[in-house]
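K.L.:
Here is how the chains run, residue by residue.
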Amino acid sequence: MITAKLPHVFYGGDYNPEQWPEDVWRDDMRLMREAGVNLVSLGIFSWAQLEPRPGQYVFDWLDRVMDMLAENGVLADLATATASPPAWLAKLHPESLPQDAEGRRYYPGGRQHYCPNSVAYKRSAADLTQRLAQQYKAHPALAMWHINNEYGCHISECMCDVCAAQFRLWLGARYKTLEELNERWGTAFWSQHYADWDEILPPRKTPAFCNPAQQLDYKRFMNESLLALCRAEAEILRKTTPKVPVTTNFMGFFKPLDYFQWAQDLDVVSWDSYPDPNGGPDEYTHAACSHDLMRSLKGGQPFVLMEQAPSQVNWRAVNAPKRPGQMRLMSYQALAHGADGIMFFQWRASRAGAEKFHSGMVPHGGKQTRVFREIADLGQELKRLDAVLGARIEAKVALVADWQSRWALELDSKPAHLDAVPHLRYCYDLFYQQNIPVDFVQPEGDWSQYKLVIAPVLYMLTERAAKNIRGYVSSGGCFVMGYFSGIVDENDQIYLGGYPALLKDVMGLSVEEWCPHPQKCVALLPGKSEEIPCSTWVDVVNAKSAQASAVFASGYFAGKPALTINEFGKGKALYAATLLEPSFMSWLMSGFIEQLGIGPALATPRGVEAVVRSKPGRQFLFLLNHNPRPETLDLDSWSGKELLSGKTVQGWLTLEPNGVAIVERKKQGG
Amino acid sequence: MITAKLPHVFYGGDYNPEQWPEDVWRDDMRLMREAGVNLVSLGIFSWAQLEPRPGQYVFDWLDRVMDMLAENGVLADLATATASPPAWLAKLHPESLPQDAEGRRYYPGGRQHYCPNSVAYKRSAADLTQRLAQQYKAHPALAMWHINNEYGCHISECMCDVCAAQFRLWLGARYKTLEELNERWGTAFWSQHYADWDEILPPRKTPAFCNPAQQLDYKRFMNESLLALCRAEAEILRKTTPKVPVTTNFMGFFKPLDYFQWAQDLDVVSWDSYPDPNGGPDEYTHAACSHDLMRSLKGGQPFVLMEQAPSQVNWRAVNAPKRPGQMRLMSYQALAHGADGIMFFQWRASRAGAEKFHSGMVPHGGKQTRVFREIADLGQELKRLDAVLGARIEAKVALVADWQSRWALELDSKPAHLDAVPHLRYCYDLFYQQNIPVDFVQPEGDWSQYKLVIAPVLYMLTERAAKNIRGYVSSGGCFVMGYFSGIVDENDQIYLGGYPALLKDVMGLSVEEWCPHPQKCVALLPGKSEEIPCSTWVDVVNAKSAQASAVFASGYFAGKPALTINEFGKGKALYAATLLEPSFMSWLMSGFIEQLGIGPALATPRGVEAVVRSKPGRQFLFLLNHNPRPETLDLDSWSGKELLSGKTVQGWLTLEPNGVAIVERKKQGG
Amino acid sequence: MITAKLPHVFYGGDYNPEQWPEDVWRDDMRLMREAGVNLVSLGIFSWAQLEPRPGQYVFDWLDRVMDMLAENGVLADLATATASPPAWLAKLHPESLPQDAEGRRYYPGGRQHYCPNSVAYKRSAADLTQRLAQQYKAHPALAMWHINNEYGCHISECMCDVCAAQFRLWLGARYKTLEELNERWGTAFWSQHYADWDEILPPRKTPAFCNPAQQLDYKRFMNESLLALCRAEAEILRKTTPKVPVTTNFMGFFKPLDYFQWAQDLDVVSWDSYPDPNGGPDEYTHAACSHDLMRSLKGGQPFVLMEQAPSQVNWRAVNAPKRPGQMRLMSYQALAHGADGIMFFQWRASRAGAEKFHSGMVPHGGKQTRVFREIADLGQELKRLDAVLGARIEAKVALVADWQSRWALELDSKPAHLDAVPHLRYCYDLFYQQNIPVDFVQPEGDWSQYKLVIAPVLYMLTERAAKNIRGYVSSGGCFVMGYFSGIVDENDQIYLGGYPALLKDVMGLSVEEWCPHPQKCVALLPGKSEEIPCSTWVDVVNAKSAQASAVFASGYFAGKPALTINEFGKGKALYAATLLEPSFMSWLMSGFIEQLGIGPALATPRGVEAVVRSKPGRQFLFLLNHNPRPETLDLDSWSGKELLSGKTVQGWLTLEPNGVAIVERKKQGG
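Chains as they are written, first to last, in the numbering used here: chain V, 36 to 705; chain P, 36 to 705; chain D, 36 to 705.
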C-alpha cells in the first residue's frame with residue numbers, strides 16, 4: 036500500500052484552485068464527492084501565487100484549500116510548486132533562463148524556464164519547498180509530496196556558461212585528470228585535445244559532428260543536474276516529514292532521464308500516460324509497455340498513474356476525444372499492469388492558458404456532460420477494488436532497457452540511425468500479443484528470476500554488464516541478443532576485434548561488418564524454402580560454436596547466419612543478426628516459450644488483453660477488450676467473483692467493446 | 036470618384052526613375068503616353084536617394100521627375116518613401132533593427148529593416164514625410180499620397196526590448212491595473228502571475244506553449260504599432276495637403292493587420308494582388324474574393340488595384356508568365372469587383388536588385404515585346420470606361436470576417452488547427468460560382484442591408500457581437516453559423532456552459548464536445564439514404580429548439596445533428612456542426628437563396644464570371660471568361676452597349692478565352 | 036610524374052598515429068608493407084598534439100613517426116595540420132570562432148571552427164606551418180605537403196564583424212569608389228544606397244531577399260578569403276622546401292570554392308571522392324564526371340584521389356558498405372579518368388570520435404577481414420601500373436563549368452530555381468554513355484583543342500567570355516548553348532534587349548520571355564509527328580538567322596523554336612530553348628558527333644566504361660564493368676597486354692561483375 040492514510044485505489048487529478056474564484060471551490064468539493072475523488076495533486080503551478088514577490092510568501096489561500104479538502108475527505112498529493120518559476124526570477128536573474136545549443140535563451144511566458152544549474156533557481160526552489168513542508172507537515176490532508184512536475188519535459192538540456200562551469204566540475208569528479216578525460220573522449224581525433232579544464236564546453240553548435248563522448252557525458256550531466264534538483268527537494272521534505280512518501284511524475288520512455296536511476300530516490304513511481312485515442316493497437320500496446328517499464332523501475336512495486344486525460348489533450352496536431360468507455364478501459368489497463376492509483380490532468384478544465392483545450396474531469400460544460408458522467412461512474416466503481424491494492428505481476432521474461440546505451444546509440448554518425456525504443460517494442464509485442472507478462476531490467480541488474488532475457492541493440496556494453504550476462508547464461512538462463520550490440524564501452528569507444536565484444540564466446544560468433552538497411556533481404560530456415568523477409572540491419576556474422584537457425588539468402592552476405600543459437604554453460608544464447616518479420620519471430624518464439632515453460636495468463640483473441648496480478652493467496656485476472664466489437668472468451672481454469680459486477684463467472688465470458696472484467700480467484704497456500 | 040484631379044480609371048504603376056539614367060526618363064514619358072498611363076506611384080523606395088546622409092535632403096532629381104510627369108500629363112501617387120530606411124539608420128541606431136522571437140536581429144540588405152517602435156525610425160520617417168509634403172504640396176503632378184509600402188509584409192512582429200517597453204505601456208492603457216491583466220491573461224495558469232509591469236515580455240521563444248492571451252495581445256499591439264506609423268504620416272500629410280487623398284497599399288487577407296481598422300484612417304483603400312497565373316480556378320476565385328474584401332473595408336467605396344504583375348513575379352518557387360490575355364482579364368476582374376484604378380508593379384523592369392526578374396510594364400526587352408503591347412492596348416481600352424467610375428456593387432449576402440477572431444483561432448494548442456481564410460473561401464465559393472455578390476462584414480457591424488449573413492468558425496465572440504447577431508436574427512435576418520464558434524471572449528478565455536456561447540438560444544442548441552478530423556464521417560438528410568461526406572470537424576450538438584436538417588450517420592456521435600435550423604424572433608438561425616462537402620452545400624444553399632430572393636447577376640457556365648456594378652440610373656454587367664475555350668452566354672434580360680467594342684448586344688454573346696465584355700443598361704429611376 | 040621521389044601509383048591513406056599507442060605504430064608498419072602502401076597523409080588533425088599550448092610545440096612524436104615511415108619505405112604527404120585549431124585558440128580568441136548569418140557562433144567540439152579572416156587563426160596557422168616546414172624540410176620521408184584539409188567543407192562563410200571589416204577592404208580594392216559599388220550593386224533598388232563604406236555589411240539575415248550583387252560578391256570574398264589562407268601556407272612551404280609539391284584536397288563540384296582559381300596555386304590537384312555504394316549508375320557516373328572536372332583544373336595533368344572510403348562512411352543517413360570488388364572498381368575508375376594516386380580516408384579505423392564508424396584500410400576487426408584483404412590485394416596489384424603514370428586523356432568535347440555563373444544562378448529570386456551541376460550532368464551523361472571523353476573548360480579559356488563545346492545555363496556571361504565564344508565559333512568551332520544563358524553581367528545585372536546577350540548574332544536569335552516548368556510541354560521535329568517531351572524551362576525565342584531543328588507543339592509559345600542551329604563564320608552555334616528528354620538528345624547528338632568525327636573509346640554495353648589514357652607511343656584502354664553480371668566485350672581494334680593479368684588479349688573479352696581490364700597498345704610515332 037502506497038500510504039496507510041489512503042487504503043484505496045487513488046482517484047483524482049491535478050487540482051488548481053488558484054485558477055478559479057473561491058465559490059467554485061465549494062462546487063469542486065461537491066463534485067469530488069460525487070466522483071469518488073480521494074486524492075488531488077495540489078498546487079503544481081502555483082509558485083507565483085505562493086510567492087508573488089521574492090521572499091514574500093502567501094499561503095492563506097492554500098491553507099483554506101487544504102482545510103476544505105480535509106473537511107471533504109479528500110487527501111492532497113501536495114506539490115512543491117517548483118516546476119514553473121515566477122516571472123520575477125527571470126527579471127532578477129536573467130542568467131537563470133536556459134540557453135540552447137545555439138545560444139538562444141528561453142523566456143518566461145510558458146513554463147519550465149529555468150537552467151537546471153541556476154543557483155538562483157535552486158535557492159528559491161529550496162526555500163519554497165522548505166516553507167511548504169513546514170506549513171503543512173502536520174496537516175491532515177497531506178498524504179504525499181509531489182516534487183516539481185515532469186522534470187525535463189521541455190528543457191532537458193541547457194548550454195549556458197553556468198552549466199559549462201558546472202560540467203567541468205562534474206567532469207573533474209568523473210575523470211580526475213585531464214589526461215584521463217582526453218583518453219576517454221578520444222580527443223586525439225580532430226585535434227580536440229584539452230590542455231586546460233576551462234577549454235571544455237557543452238556540446239554547442241559546432242561546424243561538424245560534435246565529439247560523441249562529449250555529447251554522451253553531457254546527457255549524463257544533464258540527467259544528473261535535474262536529478263540533483265529532485266534530490267534536493269526530497270531531502271528537505273524527508274527531514275521535515277519523514278513518513279510522507281515523495282514522488283515526481285515520470286513520462287514513460289522519456290529519453291533524457293534515466294528513470295532507473297531516478298526511481299531509487301523516490302518512494303513511489305508515478306507517471307503520466309497520454310496515448311492517442313485515435314492511435315489503435317499501437318497506442319494501447321505502447322501504454323501497456325510503458326506501464327510495465329514504470330512498474331519495473333522499483334522492482335515491481337505498484338505505481339501511480341499520475342496523469343491521464345479524461346478525454347482530449349491539446350498538444351497533438353489532432354486531439355481526438357476519448358470515445359465513450361475508452362477512458363475507463365485505459366484506466367483499468369493501468370491497474371492491470373500494476374497501478375494502485377488512477378489520476379488525471381486535471382480536475383477542472385481551465386478557462387484560460389495554453390492548456391484550456393485539454394479536457395478536465397469537470398469539463399467546461401460542467402457536470403451535465405458525458406465526460407463527467409464517465410468520470411463519476413469510474414470513481415464509484417473503483418471503490419470495489421481495494422483488494423487489488425499491492426498485488427504484483429510475476430514475469431518470467433525480461434527485456435533489457437538501458438538509458439545509457441540508448442543515449443549513445445541515438446547519437447549521430449552511426450552506420451545508420453537506430454532507435455532503441457522501437458526495438459524494445461518489437462520484442463515486447465511478441466509477448467504482449469500472447470498475454471505473457473514482461474519486466475524491464477538493466478544490463479547490470481539481477482536477472483535470476485527470469486527464464487528468458489532479451490537485449491535488442493545493446494550498443495553500449497560495460498564490463499560489469501558483460502559479466503552479468505555471462506553469469507546469467509552459464510547458470511542456465513536463456514539470453515537473446517540483437518544486432519549491433521556490444522559495440523562500445525561507456526565512453527562510446529569502439530571495442531576492437533569483433534562483436535558482441537566481451538561476449539563473443541558466450542554467443543559463439545563474431546560480427547565482422549554491418550550492412551544497414553539491406554535491400555530486398557531475405558533469410559531461410561535450413562532445409563526449408565520459405566523466404567523470411569528481414570529489414571533494418573544485417574550483422575555479417577562469422578559463426579564459431581553457434582549454430583545457424585536461419586541464414587541469409589540474398590546480399591553479398593548470403594549464406595551467413597541470420598539467427599544463431601549457442602549452448603554456453605547451462606544456458607543458451609541466441610543472436611539475431613537482422614530484424615526478422617514479426618510474424619515469423621512470433622511463431623519462432625512460441626515454440627521457444629513453451630519449451631521454457633513460460634505460459635500466457637490466458638489465451639484470448641487479438642485485441643483482448645489478459646493480465647494477472649497476484650498477492651499471497653489471491654489472484655486477479657484483468658480482461659480488457661480493446662476491440663470495437665464484443666468478444667467472447669473461454670475462461671479456461673479461471674472462475675470466481677468478477678469484481679466490477681459482483682457476479683461469479685466461469686466458462687465463457689463476453690466483453691462488450693471497451694469492456695473490462697476482473698476475476699478474482701483464491702490461490703492455494705499463496 | 037477618388038480624386039477630381041483624375042476623372043478616369045487610374046492606369047499606371049510603380050515608377051522608380053532613380054534606378055535609371057535620366058535619358059531613360061525621357062523614353063519613359065514617351066512610352067507612358069503610348070500606354071495610356073495617367074498615374075504613377077513614385078519614389079516608394081527612394082529614401083536613400085532623397086536623404087543620402089542623415090538630415091541631408093536631395094530633392095532636385097525628384098523635382099525634375101515631377102515636372103516631367105506634369106508636362107506629360109501623368110499624375111503622381113507620391114510616396115512618403117519610408118518603407119526601406121537607408122543603411123545609415125542601422126549604423127547610427129542599431130537598436131532600430133527589428134528582432135525576432137529568438138533574439139536575432141534583421142540586418143540591412145533587403146528592405147523593411149526597422150522596428151515599428153523604433154524612436155529613431157519614427158523621427159526620421161516623420162521628418163522625411165514633412166519635407167516631401169512641404170516640397171510638393173502645390174505641385175501640379177501631385178494627385179495622391181502613397182504612405183510607406185505594404186506595411187508589415189516582412190516584419191510584422193518585433194520582439195526587441197524597445198517593443199517590450201512599449202508593449203507594457205500599451206497594456207497599461209488597455210488594462211489599467213496589473214490585477215486586471217493577470218485576470219484577463221489567465222496568469223494563474225502555469226505560475227505566470229505578474230507582480231510588476233516590468234516582468235512582462237513579448238512572446239519570445241519559450242520552453243512550452245506561450246500564454247495565448249499574451250500572444251493575442253502582442254498581435255494587437257503590433258498591428259497598432261504599425262498603424263501608428265501610418266497614422267503619424269497621414270497626419271503630417273493632411274496638415275499640409277488637406278485635399279490630397281492618402282492611401283497605403285494593403286495585401287488582401289494579410290493576417291497581421293486588421294484592415295477593417297486601418298481603412299478608417301485612409302481616404303482610399305488600395306491593394307496588391309498577385310494571383311499565380313498557373314493557379315487556375317482557385318487563384319482567380321481568390322482574387323475575386325480578395326477584391327470583395329478590399330471593397331468592403333470602406334463600406335463598398337471603390338478601391339484601387341495598386342499593384343499587380345504585368346506578367347511574372349520573382350518570389351514563387353515557379354514564376355509562370357501571364358499568358359496572352361490573362362493580364363487584361365485579371366485587370367477587368369478587379370474593375371468588375373469594384374476597382375476604379377488598375378496599377379502595376381512596376382513601370383520598368385529593374386536591371387538589378389532582388390526583384391529584377393519581376394516583370395515590368397516595360398520589359399527588359401523594351402517596347403517590342405508581347406508584354407508591352409498588351410499593356411499599351413489595355414491602357415487605351417480603359418479610356419472607354421469613365422462611366423463606370425464610382426459604380427457600386429449591391430450585395431445581399433455577407434460573410435463575417437474578423438481579424439481578431441482569426442488571430443485567436445490560429446494560435447497553437449487547439450483541438451486541431453483551423454485556419455479562418457479557407458473557411459471564408461468555402462462559403463465564398465458557394466456564391467461566387469452562382470454569380471451572387473458577397474460583401475464582408477465585421478461581427479459588430481451594421482448588417483441591416485443583408486438578407487443572409489454567414490459566420491464560419493467565429494471562434495471569438497464578444498458580447499457586442501453576440502448582441503448584434505441576436506438583433507439581426509430577431510429582426511428577420513437569416514444567419515448561418517459554423518462549428519467552433521462562440522468559444523472564447525476577447526482575451527481567448529473559454530466561455531463555460533456550452534457553445535456557441537451567448538447565442539445558444541438564438542441557435543437553439545448547445546455544443547458539448549468537439550471531435551476534430553473525424554474518420555470516415557458521413558451525415559444523412561432525414562428520411563433519405565444518400566450519405567453526405569463531412570470532414571475537418573464535428574461539434575457534438577445537443578439540440579434544443581433547433582430542428583436537425585441533417586444528422587450524423589457514423590462515429591460515436593451518430594444520430595446527433597450535423598446541420599440545424601432554428602426560428603428565432605422574425606428570423607432564422609442555421610448551424611453547421613461539420614464541414615459538409617461543397618457540392619451538397621451548394622445544392623442546399625441554392626434552394627435557400629431562392630427562398631430569400633437573392634438572385635444571381637446572370638446564370639453563366641462554370642468559369643465565366645458575371646458581376647454587376649451600379650450607379651444611379653445605370654448598370655454595368657461585367658462578363659469574364661476564365662476558361663481556355665470560347666463560351667457562349669444567354670444575356671437573358673440584359674441588352675445595351677458593350678463598352679469595349681462599342682457594339683450593342685442582346686440575346687446570345689460569345690466570349691473568347693480570356694474574353695471580357697461590359698454591358699451597360701439604363702435603369703428606371705435609379 | 037607528380038614527384039620523382041615516388042615513381043609509382045601513390046597508394047595509402049590518412050595516417051593518424053596520434054590516436055593510437057606507439058605499439059600499434061609498429062603493427063601499422065607491418066600492415067602497410069603487406070598492403071603495398073607507399074604514401075600516407077600524415078598529421079592532418081594533429082595541431083592540438085603538435086602545439087598543446089600556444090607557442091609550445093611538441094614534435095618528438097611526429098619525429099618518431101616520420102623516422103619509422105622512412106625506415107619502412109613509406110613516404111609522407113605531410114599535413115600543415117591547420118584544419119582544426121586547438122581548443123585554446125577559441126578560449127584565447129573567441130572572435131576566431133565563425134559566425135553564421137543569424138549571428139550564431141560555431142563552437143569547438145567538431146572541427147574547422149575558425150573564421151577565415153581571423154587574425155589570430157592566421158598567425159597561429161602560419162607559425163605552425165613554418166615550424167613544420169623547418170622541422171621536416173630535409174626529412175627523407177617528406178614527399179608532398181598537404182595544406183589544411185577540405186577547405187570550407189563545413190564553414191564556407193563567416194558573417195562576423197571581422198569579416199565585415201575585411202569585406203569592405205576587399206570591396207574597396209574591387210570597386211575603388213563607393214559610387215562604383217552603388218552602381219554595380221544596383222543599390223538604387225529598395226533604398227540600399229551606401230553613403231559610407233562602413234555601412235556595408237555581409238549578407239546577414241534580412242527581412243526580405245538580400246541584394247543579389249552583395250550576396251554574389253560575398254561568395255567571391257569568402258572564396259578568396261579561404262584561398263588566401265591556402266596561399267599563405269603554400270608560400271611558407273615553398274620558401275623552405277621549393278622542390279616539394281604542395282596540394283590541398285578538393286571536393287569535386289563543391290560550390291563555395293572556385294577550384295579553377297585554386298588549382299593555379301597548387302602543384303598537384305587532389306580530391307576526395309565518396310560515391311554512395313548503393314547509388315547505382317548515377318553515383319558512378321557522378322564519380323567519373325567529378326574526376327574529369329578535377330583533371331581539367333590544371334589542363335589535364337594527372338591528379339591524386341586523396342580520399343575515398345575503404346568501405347562505409349559515417350555521415351549519410353544510411354551508410355552502405357562497399358560490396359566485394361566495389362572499392363577496387365572505383366579505384367580503377369579514378370585511374371582511368373586521370374588519377375596517378377589512389378588514397379583512402381583513413382589508414383586505421385578510429386576507435387573514438389565522430390568518424391569512428393567510417394571504415395579504415397585496417398578495420399576495427401584487424402587484418403583478418405574482408406576489407407583489409409581487398410585493400411592489400413589492390414595495393415599489390417597497382418604495382419603493375421607504373422607505365423600508366425603521367426598518361427593523359429585526349430578529349431574533343433568540352434563542357435563549360437563556371438563557378439561564378441553558378442553562384443549567381445543559384446541565388447534566390449529567379450523565374451525558377453535552376454541548379455548548374457544537374458545541367459552539366461545532363462550533358463555529361465550523353466557522352467559518358469558513349470565512352471566519349473569530356474573535359475571541363477572555363478568560359479574565358481582556350482577552347483582551340485575542342486571540336487564541340489557545350490554551355491548549359493551559362494547565366495552569367497562576361498564580355499571576355501562572349502568574345503571567346505564568338506571567336507571560337509567564327510573560327511570553325513561547334514558551340515551549343517542552353518536556355519537562360521547570357522542573362523547577366525558579372526554583377527548579376529540583367530542585360531537589356533534580349534538573350535543570350537552579346538551573342539544574339541552568333542546564335543541567330545533573341546529570347547524574349549522565360550516560361551519555367553511548362554506544363555505538359557512537347558516539341559516536334561519539322562515534318563515529323565513524334566512528340567518529344569520537354570521540361571524544366573522554355574525560352575520563348577524569336578529566331579533571326581537560326582533555323583529551327585525542333586519547335587514547340589504546346590503552350591502559348593507553340594510554333595516557336597525549341598532547338599536551333601545557326602551558321603556563324605566557319606562554325607555552327609546551336610541553341611536549346613528547353614530541356615529535351617535525354618534519349619532524344621542522345622540520339623540527336625550521336626549523328627552530330629559522328630559528323631564532327633568525335634569517336635568513342637570503344638563501343639560497350641550500358642554500364643561498362645571504356646576510357647583511354649595515352650602517352651607518347653602508348654595507349655591504355657581501361658575497361659570497367661559496373662554491372663552486377665559478367666559482360667563480354669568486342670575489343671574491336673584493341674589488342675595487347677592486359678596489365679593486371681599480364682595476359683595478351685584481343686577479340687572478345689569477358690569482365691566479371693566489378694571486373695576491370697587495362698589493355699596497353701603501342702602507338703605509331705606518338
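The hints are simulated quantities; they were obtained by calculation from the structure and are not laboratory data. A few of these clues could be false.
Identical copies look the same in the list; a pair holds intra-copy or inter-copy alike.
[Unchecked claim] Taking lysine-lysine and the DSBU-like style, the derived pairs with C-alpha atoms no more than 35 Å apart in a straight line are:
1. Lys157 to Lys240
2. Lys240 to Lys682
3. Lys274 to Lys172
4. Lys402 to Lys539
5. Lys211 to Lys126
6. Lys290 to Lys126
7. Lys157 to Lys650
8. Lys563 to Lys682
9. Lys605 to Lys126
10. Lys579 to Lys402
11. Lys449 to Lys290
K.L.:
What hint numbers does the structure not satisfy?
P.N.:
The structure breaks hints 2, 7, 8 and 9; every other hint is satisfied.
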